Amino acid sequence: MNIAIVDYNSGNLKNLLDAVRYIGFNPEIITENSKSNNFDAIILPGVGAFGSAMDFIKKRNLDEFVIDFTKTGKNVLGICLGFQILFDKSYENGEHDGLGLLKGEVLPFYKKNNTDGYQLNTHMGWNNIRYNENDKISSKLFPKKHKFYFLHTCFASSEINYPVSAFTNYNDCNFLSFIKKDNLVGVQFHPEKSREHGVHLLKSLLAN
Amino acid sequence: MRTIRLIARLDTKNQNLIKGINFEGLKILGNPTDFASKYYIEGIDEIAIFDTIASLYGMPANFDLINVTTKNLFIPIGFGGGIKTVDDARMAFRSGSDKIYINSATFQNSKIVSEIAKIYGNQSVCISLQVKRDANKNWTLFYDNGRENANKDPLEWASNAVNNGAGEVLATSVDMDGTKKGYDIELIKKIVDNIKVPVIASGGCGSSDHILELVEKTGVTAVSIGTALHYNLIEIEKIKDRLINNGFSVAA
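Chains as they are written, first to last, in the working numbering: chain G, 1 to 208; chain L, 1 to 252.
Chain G extracted, bound-state conformation:
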């Protein structure tokens, strides 16, 4: 399978490239609008800040590429920031429009600090994925014993109830950690950083 990794001048792509090769697929980094039929699936990768990523995406017409690709019915996988930009809007350091492919908003985690009101709070580390037991797709993708690696300061929230979705809890905040809507898939954690089970999940999300 040929996988396009959309580069919006974000952080670590090398490990994602390693992971995609490790599962036997052929990754290619793209930095501008490209032909959809060259690829079997695309990944929107996960390190960076929302505003700066969206500026880059718009400048290079990568938004058109992603939206057009979504219409082909082939899989689009957003990871971490790549998941967040699928939503309508983010409030990370200001207010920024996203791609609007999923309904909802991206909000920063804040935690009360003893000294100076509110301070940024990072969710960093391994956490569980929780879902409705009747959601057979999520049940199959996320066996109970598997934790996944999270590294983020903002989270996605939606008023819409996506039937195939999962949540994770951090600091009493229950946020969306997975959505699958037709061929559009997003995960808030990093499968490419979640040991072997994470890399195998990456394969399932891209191939099925």
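Treat the hints as calculated values from the structure; they're not laboratory data.
The model shown is predicted, which means the values in this text are computed figures rather than measured ones.
Using N, Cα and C, we set each Cβ at its ideal position, and we do this for glycine too.
All the given hints hold, so there is nothing to weed out.
Stretches of chain L that chain G covers, calculated by requiring three or more beta carbons in the stretch to come under 8 Å of a beta carbon on chain G:
1. 59 to 72
2. 75 to 88
3. 97 to 104
4. 108 to 120
5. 186 to 200
Listed below are the simulated DSS-like cross-link pairs for lysine-lysine, each with C-alpha atoms no more than 25 Å apart in a straight line:
6. Lys-145/G <-> Lys-38/L
7. Lys-118/L <-> Lys-89/G
8. Lys-240/L <-> Lys-144/G
9. Lys-238/L <-> Lys-145/G
10. Lys-58/G <-> Lys-118/L
11. Lys-14/G <-> Lys-13/L
12. Lys-238/L <-> Lys-144/G
13. Lys-14/G <-> Lys-203/G
14. Lys-71/L <-> Lys-14/G
Starting from the structure of chain G, add chain L where the hints point.
Only chain L this time, still in chain G's reference frame:
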């Protein structure tokens, strides 16, 4: 239930894994890539790689080393040592690190943390503190691999960095580093209690007792282990079992 991250700390010089005591008397231990893959297979949660000489000698960081070491390690990787500019940070991310540790550069350019965080996100920048106690037992901050005294209060410096966008704090006690005598619990507690981003405790681990004592007495969520792993004084699986048996949660 608090989840504890175990981080293997690999200090390197040129192509070698090295380790000393109090950042001095460095011994060559071997190839960092071999050690990193061993710890990955044994279940470490995260790896931190440091170039110990880049800042000290004003050289570019050893990005090739990250490139090679991180191949097929599907866990988070952090890199520190010699990152002075946004371009250095970009190189570190491109070479396979997920976050960077930054210390010396913050004393030369107060905007460096916010500049990197703005592009790569707050979670990608970890402020690294090298702390020693002075003659009056007060904590003071060092840089250039523990050589230069910055004459700053570590807590204040960490707070500023977090306000500027650092998403994590690495607190290394240079006094305890390599001694195998246990973490500086008082220091770690003080930082954890006053900083609301995750803190990594570093320096002094010699046994799983030290880790247990540290996590029980402080609210820390991540521990860095160097010497104890490199000299096989500790087994990753056994640390995790002990943490679980004592009411903590660990990564899968």
